[in-house]
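Novice: Protein sequence lines, in the order shown, are assigned to chains H and B. Counting from 1, one number per residue, gives the positions in the first sequence under the working numbering. Counting from 1001, one number per residue, gives the positions in the second sequence under the working numbering.
Just so you know, these hints were derived from the structure itself, not from any lab. One or more of the hints may lead you astray.
No more than 20 Å apart at the CA atoms, straight line, and that leaves these computed lysine to any residue pairs for SDA-like [as the list claims (entries may be wrong)]: (1) K136(H) - S1341(B); (2) K1212(B) - E1225(B); (3) K136(H) - R1099(B); (4) K1483(B) - S1346(B); (5) K1483(B) - S1341(B); (6) K133(H) - R1039(B); (7) K133(H) - K1411(B); (8) K136(H) - R1106(B); (9) K1152(B) - N1405(B); (10) K133(H) - F1036(B); (11) K1433(B) - V1478(B); (12) K1411(B) - G1387(B); (13) K133(H) - E1040(B); (14) K136(H) - S1108(B); (15) K1300(B) - G1236(B).
Remember, it's a predicted structure, so these values are computed and weren't measured experimentally.
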Amino acid sequence: MIPTVSASGLTLRFGGTRALDDVSVRLAEGVTGLLGPNGAGKTTLLRVLATAVPADRGSFTVLGHDPGTTAGRLDVRRALGYLPQTPGFHQDFSAFEFVDYVAILKELTDRTARHREVRRVLEAVDLSDVRGKRIKRLSGGMRQRVALAAALVGDPGFLVLDEPTVGLDPEQRMRFRELIAQAGEGRTVLLSTHQTEDVAMLCHRVIVMAGGRIRFEGTPAELTDRAAGRVWSSTERDPAARAGWRTGTGAFRNVGDPPEGADLLEPTLEDGYLLTLDGETAEVAA
Amino acid sequence: MSAITGTIPQAAPTGVEPPARGTESRAAAILALARFEARELLLQIPVLVFLAVYVGYAGWRLFIGGDGMDDFPVLQDADRATQPTPMLLAVAVFICVNRAVLRSRRQSTDQHFDILPMEHWRRTVAHALSVLPLGAITALVVGFQYTWAALKPGAVGHGSPAELVVGPLMVLLAGVLGVLLARVIPVGFVAPPFVIGAFVLTTLVSAATQGKHWVSWLGPVVVEEGADPFPSELLGRPAAWHALYLMGLAVLLLCLAVLISGGRTWLVKSVAAVALAATAVGVAGQSPGEPASLIAARTKASVTPEKVQTCVQHGRSTYCAFPEWTGRIADWADAVDRVQSRAGGSAGGERLTVRQRIDARYGLQSDAAIAPSTTPGTVTVGTRWGGNRLPEFAVGVASVLVTGNEDAAGKRCDARVVTTMWLALSTQPDPIKSLRDVRLDDSIEGSAIALAPTNPVSMSAQQTTVVRELLQKPHYSVAAKVKAHWTELTSAKTSTARVAELLGVPADGKATAADSGSGSCEE
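Between the sequences and the hints, there should be enough to build the whole structure, so can you do that?
Specialist: Written as structure tokens, this is what we have:
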């Protein structure tokens, strides 16, 4: 793997809370998923990598640029596309105007080339037909695509997406996955999400965070493999299971250390994720 | 930092042009944002409405709503007449620019935008620059207003570029102030109360300081308008210092906004220091008030105008004007000739001296009336011309022809009033309209005061009737009778009824009690 983004020992405290605790990651071209429960430090890591907040300790580079210097930070920002967790919009702007505005803030100065680029990204997110429509008149899914277009404009080498599929209906989510997959071709994408399906379908790498620390870094298959032999079916919820829930068939799916002779099931990435958290969350209930 | 191995992919994957690099390109990015924001600003409803009101009002004044005096503009007044009207536009610009700066905060895009390459302070500069097109539009309107006035054949005097730049500078200053306010108090609803607060504060300060010169000049526009325009050299307005003050202040406020936004570069600090110095110099230059030399010059022009005037012989008469008004002498001579041509006796050939007079001793805003000249055969003319000033001047000329001098209020009575008013008004293109225009109550019936450059003429109801009847007749049919009976018509002993009889018009009965003391020689 040739790393495009490399972070070492990132630590950041908010008051008494250690939001990032000695985080070191390496990202390469393609989509990397960032999983973790609420408060795990995902958004904080994204904001540090996006140069929105400086880390108390540690360092990182993006495409070889060190944000520790003014010039380096500028270079990182030039190489960056960022889709925030709850993107804001200038509601009275049209989709085209908003993306054009972001393009100007990305310092694309040639008006003709910039407008060509804005049209390109709006076409890439399938918004060409509504590019003149005011943002306040667009649906939530369309707005999210406007935000993605704004992140993509200028063709950044490093794309940071913070929970981009939250609030989207299944069809919109599927459409968004296609867009993210396309965006991951030829650039580094870091995708923070709660949706393990997103990671399973999109990502070639996955990072699991909890309590401000990295708990896992590898491929989705490796994360899934963590649950191999640790998922079983039973007619009642197994009290020894770390998590268990009744499935559509009426049987219970248990994750943890199975009893001898248990009816083992094929593990999923979610099972591996749950086992990786190892008690960090108790969100899955019977 | 952990070691990185391999080659890092640097290039953008789809061959899009790379973002701006280098100082010039980054400046180009600021200009691109300024252009975008300028377009947005021009589309804001308050700006559109007040721009339309401003341009519409200016156009209406130029093409529709002006009076006759607008055909004879005095350019040292025309320049500063352009200043107050952009005020509402400036207020709209202030509020809309403030909203534009706070747009990101209001719509939660600020955190996202803060990690984009263009820094906060560069965006601040762009917002300030976005006001330039509106400043340029204001400059165009001001330039058009002034040029339109200057190109009129009746224009006299000299305008000042420093007075002309005040309107555009006020718009720019308002925009920059809106930017600064947004950076200091980043709350959207603050701008409108700020405007009201500024207005209240200005009023209170003005009242507390009783309009002291140095306080007045701290405001963007200083309106000083009196009854009559002054020669340029007697204005005493520190226009150039004021323009420097406004310009310095605008740049200083911009620098403060940029510094607050994080642009603490040596260049910004240096420009701020220069702007502060320019503002201070401007304030110091405009503050001292009127120098003794100016007051002496105003007194001289008021009391002994002959010492500063140029006199020209035109026909039988002599015309003396302040140097900037010599171009009006032909108009005055034309008016004098027309009145004199209808006078009889020696008055038809009398050598008059028409002297331009002002009373500048009480400053630009004085409404002091000009005292009548005591010199026989001297007619006063003011510094305004056109509109009502033409029949008023004709009344002044006729009055001197009939009574001998301007200082003859007690002698301007009975037949003399009728003769004076007919002489003056029968020479006008529309005599009845002119009768209405010169009378204070705009009527052509009853008693009233008729205006003249110095002493007004008091007309009784009976005199009004006779004059009106005479003006409704063809002037040539009256003129012969006037010349034939000139001595009797200009005698203080001839009654109004007798004038009517001599000139063949009804006298509308005798003078009423209401006419007592109004145009009668009996008192």
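Novice: Now look at each hint and say whether the structure bears it out.
Specialist: Going down the list of hints, with the structure as the test:
At roughly 78 Å between alpha-carbon atoms, K136(H) and S1341(B) are farther apart than 20 Å, so this suggested pair is violated. In summary, the hint linking K1212(B) to E1225(B) is supported, as the alpha carbons are separated by about 16 Å, within the 20 Å threshold. About 18 Å separates the Cα atoms of K136(H) and R1099(B), which keeps this hinted pair within 20 Å; it holds. For a cut-off of 20 Å, the pair hint linking K1483(B) to S1346(B) stands: about 10 Å separates their Cα positions.
Distance hint between K1483(B) and S1341(B) is fulfilled; the C-alpha atoms sit about 10 Å from each other, no more than 20 Å. With a CA separation close to 18 Å, the supplied pair K133(H) and R1039(B) stays within the 20 Å bound. With a C-alpha separation of about 81 Å, the suggested pair K133(H) and K1411(B) falls outside the 20 Å cut-off, and the hint is violated. Using a Cα cut-off of 20 Å, the hinted pair K136(H) and R1106(B) holds, with the two alpha carbons roughly 14 Å apart.
Distance restraint check for K1152(B) and N1405(B): the Cα-Cα separation of roughly 34 Å exceeds the 20 Å cut-off, and the hinted pair is therefore not satisfied. Only pairs whose Cα atoms come within 20 Å are accepted, and K133(H) paired with F1036(B) is accepted, the gap being roughly 18 Å. This hinted pair checks out: K1433(B) and V1478(B) have alpha carbons roughly 18 Å apart, not beyond 20 Å. Distance hint between K1411(B) and G1387(B) is unfulfilled; the C-alpha atoms sit about 28 Å from each other, more than 20 Å.
A C-alpha spacing of about 16 Å is found between K133(H) and E1040(B), which places the hinted pair at or below 20 Å, so the restraint holds. The straight-line distance between the Cα atoms of K136(H) and S1108(B) is roughly 14 Å, inside the 20 Å bound, and the hint therefore holds. For the hint pairing K1300(B) with G1236(B), the CA-to-CA distance comes to about 15 Å; that is within 20 Å, so the pair holds.
When held up to the earlier numbered hints, the structure conflicts with 1, 7, 9 and 12 and fits the remainder.
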